[in-house]
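Asks: Below, each chain spelled out in residue letters.
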Amino acid sequence: MSKESEIQTERMIEMFDNLKADKYPLQEYRYIGQKIPRNVDGLAKASGQAEYTMDIQLPGMLFMRFVDSPYPHARIVRMDTGKAEKLPGVRHVLRYDDPGLPETENIGYFPIFQNDRPLDCVAHFEGQPMGAAVAADTEAIAEEALSLIEMEWEQRPFMLDPVAASEPGAPLTYPERYSDGNFWNRGVLDELIHGDVKKGFAEADRVIEFKVNRYGHTWICPERPCGVWRWNGDQAEVWVKNQRPFVAKRDITTWFGGIPMNKILLHMPYQGATFGGWTHVDWSFGGLYCAAVVSKRLKRPVKYILSRREDFYGSSMDEGVYLVKVGFKNDGTITAVDGTVYHASAIHPAFSPVVHFHENTRVPHLKGQIKSIWVNKGPSVGIRCEMLVPILVQTLVMDRVAAECGMDPTEVAQKNDGCQGHDMNWLNEQKRKRGFVVRDSLKECIEKGKAEFKWDELWHKPGGRKLPNGRMHGVGFTWGHEWSDSTGSGEIAIRIERSDGTATLLGIHCDNGVGAETAYCQIAAEELGMRLEDVHFNPQFDPGFHLNSPDSSCGTSANGFAVRHAARILKQRILESATSPSSPSQRGSYAPAFPNMKPEDLDIKDSRIFVRADPSRWISVADYARLMAIQGPVSNAELFGARSAWTEPLFAHAFHVQEGEYNPHSPREKFCRQAHFMEVEVDTETGEVFVTRVVNVNDVGKVINRMSCEGQQYGGSIMGVGRGKLEEMVHDPVTGVMLNGNLIDYKIPTIKDVGPIGTVLVETGLGYGPYGLVGIGEDIATVVPHLIGPAVYNAIGAWVYDFPITPGRVLKALGKI
Amino acid sequence: MSTETRTFTCPYCGESLDTQDGLKSHVFKSHKGRGLPAAEGRIKLIINKAEHTFLVEPNWTLYYLIHDKLGLTGSKQFCDRGACSSCTMIVDGRPVLSCMMLAIECDGKTVETVEGIAAEGHPLIEAYVNNHAMQCGYCTPGFVVASKALLDRNQDPSEEEIVEALSGNLCRCSTYPQHPIAVKEAAAKMKADKKAKAGV
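As you go down the protein sequences, you meet chains A and B in turn. The opening residue of the first sequence carries number 1 in the working numbering; numbering runs sequentially from there. The opening residue of the second sequence carries number 818 in the working numbering; numbering runs sequentially from there.
If you are wondering where the hints come from, they were derived from the structure by calculation, not from laboratory data. Even glycine gets a Cβ: it sits at the ideal position worked out from N, Cα and C. Some hints here could point you the wrong way.
Claimed, not checked - Derived, one-sided and incomplete: chain B residues facing chain A with beta-carbon distance under 7 Å:
hint: 1; residue: 831
hint: 2; residue: 895
hint: 3; residue: 931
hint: 4; residue: 946
hint: 5; residue: 949
hint: 6; residue: 961
hint: 7; residue: 980
Said to hold, decoys possible - Derived contacts from chain B toward chain A, CB cut-off under 8 Å, selection only:
hint: 8; residue: 825
hint: 9; residue: 826
hint: 10; residue: 897
hint: 11; residue: 932
hint: 12; residue: 984
Just chain B, with the same shape it has in the complex (with noise of 0.2 Å):
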């Protein structure tokens, strides 16, 4: 028979009690109204303007993190490993392939998928429809998140530029003429529509 002895430790203070009854009772009476406590493992997203609360794995990566268990399927795993940009998400304002950062170090930050990039009716996604950006379709919302990234930071992007800023994603359909074109396009609305909207 075992002869080892069991502790309950309190989750909320630390406390060790000898009974799981002794550990309620301790509980009831000191933490009483304080909410479930915190679980390891539980960490605060906000994805697409929303907050999300999760409790993850140490190993699970924001890419399955997003596509497996939130079911946002956007994101696409091409290569296995950081070669691709297929997983690409823009973490705190920075574009960062998902599937090489671990879910449990994003507590606290802001994530963009191609699902907010396109409900916020971003002009990419048309831009992108009406060049042919995309043929399978598989590695597009990688680019457009890249895209989306990049006129974040550079509203009026020259060729060589966009060329730079996507030269990380691969497209075995290759499509590449036709990103540049779309990215433009893209640009030029947002130009037109920030004068329109300053009533210039």
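So that you can see chain A by itself, here it is in the shape it has in the complex (with noise of 0.2 Å):
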């Protein structure tokens, strides 16, 4: 085997085995870790071409919209709909009854929930899109005749508390699916035990309770569920909002008897952001099956909407009561944690309690299950992210023990470090076995952190800081692991474009803003030795290669090895095609670009191939490729005595593979951590909170666009805040109904209402991304709004365990209402 081969080989074999760190690391950057502008997406974006699904409109293209439950929990009886049938402007009524439509049907990604038939008869919930579902010449018209349906109901008995649900004899929320009582659980990830919590207890100096109330909140995304559906004969063209193109043509194949694979054109357009939501509600795809049913009878594209009510109803995977019991040493070193979580409508397993403690503390023993419990409210689902609980529980512990040792929080963090029950030597010697460098992640988190904060400065006695303005002052902290998973497979090509030797990648994503699609051009143009501006990505159209999805979930951890192998397959063999013979054919060859010159004798900088001894020796790519420019399909130049070399198709096609451990039962050790700072004023004449400083401080390995990951460390922050003190989907007790269905009355953050945000940056490279890089996207969104209940004790000296921390509550728990 040549040597050449040999590293083909191994770095074939790199695609499989990414537990260690790189073996062929650059030595030096030029690209990755810049603060680069949104090259790929952003002139687009700001200038108003972008096109989003709901921006979609095709010759003669109708408009779908869906009746909504008024009842929480009710089955159609009687359903008229020949009002609306006769409407002007109306097209089709297709109805739940309609024998065209199945039973079940594959319209989503997790097929567990009741609503796998595309048009239900039963509501589970108030604003469940259900019962029939019109098309009409536009938008307008199709509401209008949404409202002349008759419809008569059988109202059923229906639940909004989880712990009342899942008391016995509770009435049933979900009879057809769950009718032996309103649990649903699976055992798998719900559940974590490990040591002996009861061992753990008695060991304590002291062991607390405390119970938190988290009430549900929302993904608003700023693009409606929406779908767009055209036969081309045979050939289904679609549209989709949604962030996992694959799952949405592997289900699209199944239907109508199966359309195969290669008559699917998908269409992956801009995405008014996603945050996971929709993407996991099973019924997502009852919209589109509902539109290609119509689009078939009528042969006419379809278009359906939700309204922006209807995209309230699903909910973050958190809301529920929680249930915490934990004993700790007075020096603040925690033995052992118990978490039970009665968790409301949990479409698919949500992570123990416990979860983050075993995977980034050395707590000993540890118990944590969830209860997802059944309730007629919307699904909750995956959102920014599945962490949600864990982290809560942590958060939460690890303030409360160190309030109650008199101790600054970020000494019981490190004092509580650690990994899978063990101490931060047994952590060190995992880094040192994978191949990592030996760094204390969380101590530089932290001193940095403090340093950024100047939470020396800050931090003080709970209740003990009044300011000027007469507010009351308070700082809060917490941390915890990155989330450094590379879970998922994905593949990608690369291909240099003829005539002008750009590269292009090739592979269907969804672009939902977190700005991956230009730090992919960066790792192809780093590894190549490209320019940056001669690498192009366009991920909405589908090549049939698959980028990992959920596409924005360990998005760079995952895709980014594709990209990397991709681009060093890639790179080896424009190297190798320099040096062979061009253009073989049974008339011969020509000479190589360079001859008498082995690959390793070039190297490739600023898009120029050149020789390394003597780098006035070059040719650009860009010429390099253009040799089969020439060739046109009647310039048979050879004809005429013409040299008409061609340079053979430089195209490489990498995937990364790698299960991961997105498993609480045999995990891979956490390295990188991360650490938040807040500083927020209460006024507690009006219980109202000011957040008006968050220090982020990430260790994200390595940074491949500082930007990006800035722009996630702001982004994350403020969504935290939102949901940590604004928002709630408010239910009336009584009917069942949604309050706050709208952006009015449910309320997220603006400009102005965050302070400012500091952004750290760490890179210790203990991640197990390509470079040692982790996930930024989801964690900060996940771990900063429950950091506020810890800022607000420091700033009143009372706790608030109710979320979001309202006015309300926070005037409660100082006793005054």
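Grab the two chains, each in its own frame, and use the hints to assemble them into the complex.
Replies: Quick look at the structure:
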């Protein structure tokens, strides 16, 4: 085996093995780690030219809207659509009892929810799109037609409170699916037992218990759920608002008795944010399915749209009641944590409340369970992200222990840092084993964060600082590990274009705004030796290569590998091509571009192939690739005696396969940490909490695009503050109807609602992703929401355990109401 | 059988005629060469410096007209009730929520959309790209238009003035801290360009 083949083989093996640090690090970085503008998507987005599914207009296209249930639990007993059908402009009314609709269908990611019927006749929450869909010339006509549909309902008892719904004899909330109680548990991710909590509590100096109510909040994606379907003969052309292109296609291929994958033309327009949300609701493709049925019947394209209010019927993955018990020593060492969560309507398994203690602490005895209880509210799904439950518990336990011991919470953090019940010595040994440098990520994060925040000057005893403006001043601290997973598989190809030698990344991917596309171009440019402006990625069209879904979780950490692999293989291919005889045919071949050289004698920099020993000998990749351009279908130049050398296709495909460790029972050790600091002012007269400053310190392992990382720190903090103090879906307990399903009554933060945000990035290289990176997009908005709890405690000296921390709840904690 | 008598009204002068043929000869005789009569609901707008004429239904919003009918899809609808400012357009020099304004009210007005702002090469566009003042991008055009309206009336806005001007725009990705940076950068560029133009 030649040396090159050996290297090639080794690099192929690398695709399956990212358990160790990079074996082929670059000596220097030109693009990676820099502040790179939004090269891929920025201009289109800023100038209004970026096209979203909501913007798609096709000749003859109809608009489809759905009936919503007015009751939280009810069955349709009679439905008259006659008047709606007669309304001018209405082209079709699809009914739940249409014989053309299947009983069950693959209409979403998690096929476990009740609504696997495209149009249901039983509502399990108020606002559920169901019963009938109207397709009309305009959305306004469709909406008017909905009001003309006459319906009679059989109302059923409903439950909104997960604890009450879990009691024996409680009315059934989903009798069709769960006939023997309102529980839904799989016992896979939702339960975690490590050590023996009884022993841990016995070893403790003190044991405390507390209860937390976390009320539901939701995603609020700016683009409403929608999709467009057009039949081109027996081929389906589909535009989806969804963050899983492959899963979308995989579902669609099973519809109507089977649509071959190669007859589905999938468009992935820009996504008006997703955050998980609807993508995880299995009904999310019910609308698309109905659009496909009507499109088939009328031979016209159909766009289905949900209303802004309909978009509200889904909750984050932390709504519920938390019962927490913690044992600790007087020096802040935690000996045991036991947590139980009554979780409202979790559509897929939430993570055990003690997962984070297992993943990033030395706490030896843990027991945690989530009881998923079905209530008659919209489904609760992973929204930035499914770790909300365990990180809420970690934040409140750590800060409560610090408060009980009268200790600085940053000290308590370091006292308990570790992994899987082991201390830092054990964790450092794992770093060494996996080929990483041994650095103490949490220590570095805390040191940098304390300096940036001026923690030592600002931290004080609870309720101990009144400001000149009359408000109470408070600071809070929390921490966790970074979301280091590189789970999932992704594939991508890179092609050097004919004629100008630019590089195109080929892969379908959901661009929901995190800037991953620019990051992939940076990685490709860096590894290929191309200029960044010569590398482009248009992820909206389907070349048949699918990047890792869900396309925002684990994006750079998984797909970054595929891009890097592809770029390394392609670079090697270019150099081999440049040193090999060109255009071999039956007539012979031409001399190589670089005769009498080997690939290792050459390199590529600034989009130029050059001789290492004599950089003045070079040819641009553009000129090299251009050799093909003289060959047209009728320009066989050889007939005229001219040279018609051509360059072999310069194309490489690579993939990343990694099971990852998204499994609390066999986790991979987490090495990177994050630390967050918050400063608040509390008005004790009105109860209002003002978040005046947040400082985020994220050990991302390795920065790819500094500005994208900072964007996630800003965005995550502000969304987190919204979740912590503003966001709550309020239901009327008497009728079960959501009272604030609109953007006036459900508040999300504006530019004025959060003070300055400090962004510190630490780069220890301790991540499992390429270059030792970890993800940053999901975790900050997940960690920050409940940091407001300890910050408010530090301000007023009383714990508020009802989230969001609204003025009323602060006043209640102060004993004023 | 219906006994109702039908009359035919002249669209130019309002005169009533008994038959369609009577109306035809009346129009030919009295109004020859006048062009088509102005239909009810016909409006004229200057959109991004170009004149447009539309026949609109009375319930159409300006947003619907421009986004759905004209096909300038840069403006976006995020909320459904004037809460988000993603549909902001500049009408007669003022930023307005185009989803809260009826198209028929806009007869004779000038409208600027994000497409027009980009087409004129406004420095805000480059500043937004350079400073990542966007993530998913859905609300971005609304911010750009609101910022343009601010820079039109205030060429050197302070941080507070920028924040105030953008306080009605919702961004769920929460890119807020990047906007004042981008707007200031654009303002500085405009200032420098103006100086260069004046030959200072």
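Asks: Mind listing which of the numbered hints don't hold for this structure, in increasing order?
Replies: 1, 8 and 9
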